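Undergrad: Guided by the hints, dock chain Y onto chain S, whose structure is given.
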Amino acid sequence: MTLPRLGLFLAALIAAAIVADYATLLWGATAADLRDLTTDAYLRRVIGFTFLQATLSAVIALAAAIPASRALARQSDFPGRNLILQFCALPMVMPAVAAIFGIVAIYGRSGYLAELAGSFGSGWRPSIYGLTGILIAHVFFNLPLAIRLLLPAWSTVPAETWRLTAQLGMSSRQIFRLIELPLLRQYVPAALVFIFILCFLSFAVVLTLGGGPRATTLEVAIYQALRLDVDLARGGALALLQTVACLAMVAIAWITSRRLDFGRGTRLIGARFDGMTAGARMRDFATIALAMGFVSLPVAALVFDGLRGLLFAQQNLPNLLDACAVTLALGLPSGVIATSLGYPIAVASDRLRGSKPAVMLIGVAGLAGVIASPMAVGAGITLAFTGRVDLFAIAPVGVIAMNALLTLPFAVGVLRPAVARNHAQYDRLCAGLGIAGWDRFHVVDWPMLRPALGLALGLTSAASMGDLAAIALFGNQDLTNLTLLLYNQISAYRMDSASGTALVLLALCLATFALIERGIGGRRRSLALS
Amino acid sequence: MPFLEIEGLIFNYEDMHMRFDLAVEAGECVGIVGPSGAGKSTLLSLIGGFEKPLAGTIRVGGEDITRLPPAERPVTTLFQDFNLFPHLSVAENVGLGRNPGLKLDAADQEQVAWSLRQVGLDGFEARLPGQLSGGERQRVALARSLIRHRPLLLLDEPFAALGPALRVEMLELTDLLRKAQGLTVLLVTHDPNEAARIATRTAFIAEGEVALFGTTDEVLRSDNAAVREYLGR
Numbered sequence: 001m002t003l004p005r006l007g008l009f010l011a012a013l014i015a016a017a018i019v020a021d022y023a024t025l026l027w028g029a030t031a032a033d034l035r036d037l038t039t040d041a042y043l044r045r046v047i048g049f050t051f052l053q054a055t056l057s058a059v060i061a062l063a064a065a066i067p068a069s070r071a072l073a074r075q076s077d078f079p080g081r082n083l084i085l086q087f088c089a090l091p092m093v094m095p096a097v098a099a100i101f102g103i104v105a106i107y108g109r110s111g112y113l114a115e116l117a118g119s120f121g122s123g124w125r126p127s128i129y130g131l132t133g134i135l136i137a138h139v140f141f142n143l144p145l146a147i148r149l150l151l152p153a154w155s156t157v158p159a160e161t162w163r164l165t166a167q168l169g170m171s172s173r174q175i176f177r178l179i180e181l182p183l184l185r186q187y188v189p190a191a192l193v194f195i196f197i198l199c200f201l202s203f204a205v206v207l208t209l210g211g212g213p214r215a216t217t218l219e220v221a222i223y224q225a226l227r228l229d230v231d232l233a234r235g236g237a238l239a240l241l242q243t244v245a246c247l248a249m250v251a252i253a254w255i256t257s258r259r260l261d262f263g264r265g266t267r268l269i270g271a272r273f274d275g276m277t278a279g280a281r282m283r284d285f286a287t288i289a290l291a292m293g294f295v296s297l298p299v300a301a302l303v304f305d306g307l308r309g310l311l312f313a314q315q316n317l318p319n320l321l322d323a324c325a326v327t328l329a330l331g332l333p334s335g336v337i338a339t340s341l342g343y344p345i346a347v348a349s350d351r352l353r354g355s356k357p358a359v360m361l362i363g364v365a366g367l368a369g370v371i372a373s374p375m376a377v378g379a380g381i382t383l384a385f386t387g388r389v390d391l392f393a394i395a396p397v398g399v400i401a402m403n404a405l406l407t408l409p410f411a412v413g414v415l416r417p418a419v420a421r422n423h424a425q426y427d428r429l430c431a432g433l434g435i436a437g438w439d440r441f442h443v444v445d446w447p448m449l450r451p452a453l454g455l456a457l458g459l460t461s462a463a464s465m466g467d468l469a470a471i472a473l474f475g476n477q478d479l480t481n482l483t484l485l486l487y488n489q490i491s492a493y494r495m496d497s498a499s500g501t502a503l504v505l506l507a508l509c510l511a512t513f514a515l516i517e518r519g520i521g522g523r524r525r526s527l528a529l530s
Numbered sequence: 001m002p003f004l005e006i007e008g009l010i011f012n013y014e015d016m017h018m019r020f021d022l023a024v025e026a027g028e029c030v031g032i033v034g035p036s037g038a039g040k041s042t043l044l045s046l047i048g049g050f051e052k053p054l055a056g057t058i059r060v061g062g063e064d065i066t067r068l069p070p071a072e073r074p075v076t077t078l079f080q081d082f083n084l085f086p087h088l089s090v091a092e093n094v095g096l097g098r099n100p101g102l103k104l105d106a107a108d109q110e111q112v113a114w115s116l117r118q119v120g121l122d123g124f125e126a127r128l129p130g131q132l133s134g135g136e137r138q139r140v141a142l143a144r145s146l147i148r149h150r151p152l153l154l155l156d157e158p159f160a161a162l163g164p165a166l167r168v169e170m171l172e173l174t175d176l177l178r179k180a181q182g183l184t185v186l187l188v189t190h191d192p193n194e195a196a197r198i199a200t201r202t203a204f205i206a207e208g209e210v211a212l213f214g215t216t217d218e219v220l221r222s223d224n225a226a227v228r229e230y231l232g233r
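Quick mapping for you: the protein sequence lines, in order, are chains S and Y.
The numbering of the first sequence is the UniProt record's numbering, which starts it at 1 and goes up by one.
The numbering of the second sequence is the UniProt record's numbering, which starts it at 1 and goes up by one.
In isolation and in its complexed conformation, chain S is listed as follows:
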């Protein structure tokens, strides 16, 4: 079997598995279960809250990302700019629970903010559990992501355009209205929907910061149905509803996005003239500082408290080390599987792009990986392996498989452009020289794709290690990794032990990411995409 065919086969398998998964979950669902979705008051509130928090999260993240990315685009050359862009990639590899610890440490009832208010004599106690906490956490994760999604918009504008705006005497406001707004129109809808879906499906944040039935989302409700109530039919009905909602959002993004091609610029020196005045520079740097401050505060709190916790608080070291070992043992195989599946699928999606059915099939598999409910995927895995409802029997396999499937879209997303570039540049040369098959992979593709493969494996491994959903569904006292340990500590308000665990988790994920990315990718720095 050739590589593209293998990729197509794998994509088909995944698409079929996800469809079968939903079918199985719904098999037991009765008309009553489905009717519950519209009549059950609790469910109606859950559905409403899920939409509310996802919409607010996405809108706030984008509303902040537009001025921040504009400031970063306009000030295209200042010391530390690259560092900021790299920092914006951090939340991508940062475990959600670790970040949540940092957020609670800043904004929580006895966090640094409350302490600061107290030092001014105020007895103010911020209440973070509920919508506020969920929004803070979601904006923390998605503001940097949104900046990275929007920033490329500006680099599509040729240098001549900025010269033209200077020649015509356009003010900063006029440039925004006449050029940047139409430019952003093609990037914002997709970014908005992407972030909406991430928040819609977000699990760790809502489970940890939701703080009760008032602030529960569909994903957490599915988890409760599957794990606590062991009610597959209800879980399946909820998962179906969730997926339909995500699909609708994708369709909206598809319809509203518009192509706007400025063409390819010649060179980009002397880029923006409206950003050169002292006032503009001050405004831009203030905007950047504000956005970066918001993102870096929880990270700083996490590192500071973590060091203090590790050094001074009582740690249950054997527990911590066990959890580290479990984290690596479950996370690394997930990354390897996701990347090994992702490579042939990426090759197939480029090679077979001429064939409509193949494109559709790969599209369905890719889309399913993004918008399917992680919890439903997890439940499906259990059913596939055991044929009966036993979420504990095959726990390690379940965690590995679930994370591999859920991180697969990352792997394909990273590998696909690199694979496509390789094909476009070297196919004719290789054909001319008769380099094919294993020789081609060994001589041409592997050296060229190493950075992308390293990035894919690093991302999928780190994401699997930092994931809470799979371990929450499958984990138990005998199978506790760092994220589950940390979640248990935060839930029990044991913040002293939690601080150390959070730092160890963050360090382990970052180190794994960096080692894999550098080790496989070579010295080339590929994290800063802009």
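None of these hints come from the bench; they were simulated from the model.
Since the structure is predicted, the reported quantities are computational estimates derived from the model, not experimental observations.
Hints may be right or wrong, so weigh each one.
[As the list claims (entries may be wrong)] If you only want the chain S side, here are some residues facing chain Y, beta carbon under 10 Å, derived:
{"id": "1", "residue": "Glu160"}
{"id": "2", "residue": "Thr161"}
{"id": "3", "residue": "Val299"}
{"id": "4", "residue": "Asn319"}
{"id": "5", "residue": "Leu321"}
[Claimed, not checked] Stretch by stretch, here's where chain S covers chain Y in the computed footprint (C-beta under 8 Å, at least three residues):
{"id": "6", "region": "84-91"}
{"id": "7", "region": "95-103"}
{"id": "8", "region": "175-186"}
{"id": "9", "region": "196-205"}
[As the list claims (entries may be wrong)] Stretch-level coverage of chain S by chain Y, calculated; a stretch enters the list once three of its residues show a Cβ under 8 Å from a Cβ in chain Y:
{"id": "10", "region": "163-169"}
{"id": "11", "region": "340-350"}
The beta carbon of each residue, even a glycine, is placed where N, CA and C say it ideally should be.
TA: Only chain Y this time, still in chain S's reference frame:
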């Protein structure tokens, strides 16, 4: 007194040190030729205000414009490409030359129509740049240059991407407009034939300096080694 006077204009780009001196009379069309990377486009960028010189002065009509922002200079530049905003109509693209916020009154609309007539594009107002040919797009850009009513027109290889016949047509249109509007034109080109066709005088630029400046005929027939190497004689 020359209309455009450039004196001791110093600029560094990476390892290249440039120093320009040039004096152009009002109503002239001056060709600027030379090997690529010699500094032709940089000279135009300096006059247009897109680059800041380290030292020296640029005077237009006796007024020192060296420190003025691009929009306040009596100058308008036409680039080789990307002169138009792809999402704005022809009329809007031209109208930007009257008001950079596109707040156009009846008199402005009249001016837009007038300038489009000048370049032979009346009736094209509502089209988008993507629906035009390369030559038509440059005509729209020319129309906007006209509507700005700046006496000095800088052309940075504006027709290099066009076919030979179209290029001649555009050169002749430019020359016609220069005479009708009393413009002074600087034309950067890599094609000596373009200079020979419309430039009364030509400056040969090499290694960041005006190496030779005289009538186009003199310069192109010069025995100067750099010119001969450039022309392949």
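Undergrad: For the region 340-350 of chain S, do three or more residues have a beta carbon lying closer than 8 Å to a beta carbon of chain Y?
TA: Since three or more residues must qualify, the claim that chain Y covers the region 340-350 of chain S is violated, with 0 doing so at under 8 Å.
Undergrad: Check, residue by residue, whether the region 196-205 of chain Y contains three or more positions whose beta-carbon lies closer than 8 Å to a beta-carbon of chain S, and give the verdict.
TA: It is violated, with 0 qualifying residues against the three required.
Undergrad: Given asparagine 319(S) was flagged as interface, is its beta-carbon under 10 Å from a beta-carbon of chain Y?
TA: Because about 58 Å separates asparagine 319(S) from the closest Cβ in chain Y, which is outside the 10 Å limit, the hint is violated.
Undergrad: Could you check if glutamate 160(S) really has its C-beta closer than 10 Å to a C-beta on chain Y?
TA: Given a least distance of 4 Å, the restraint on glutamate 160(S) holds.
Undergrad: How does the coverage statement for the region 84-91 of chain Y fare against chain S, requiring three or more residues with Cβ below 8 Å from a Cβ of that chain?
TA: It holds, with 4 qualifying residues against the three required.
Undergrad: Against chain Y, with CB atoms and a cut of 10 Å, does the hint on valine 299(S) hold up?
TA: violated, 38 Å
Undergrad: Was the hint right that threonine 161(S) lines chain Y, CB cutoff 10 Å?
TA: With a minimum Cβ separation of about 6 Å from chain Y (threshold 10 Å), the hint on threonine 161(S) holds.
Undergrad: Quick check: do three or more residues in the region 163-169 of chain S have a beta carbon closer than 8 Å to a beta carbon of chain Y?
TA: holds (count 7)
Undergrad: Once the shortest beta carbon distance from leucine 321(S) to chain Y is found, is it less than 10 Å?
TA: For leucine 321(S), the interface hint is violated, since the closest Cβ of chain Y sits about 54 Å away, which is over 10 Å.
Undergrad: Taking 8 Å as the Cβ threshold, is the statement that the region 95-103 of chain Y is covered by chain S upheld or broken by the three-residue rule?
TA: With 5 residues close enough to chain S, the hint holds.
Undergrad: With a C-beta cutoff of 8 Å, work out whether three or more residues of the region 175-186 of chain Y approach chain S closely enough for the coverage to hold.
TA: violated (count 0)
Against the hints set out earlier in the document, violations occur for numbers 3, 4, 5, 8, 9 and 11.
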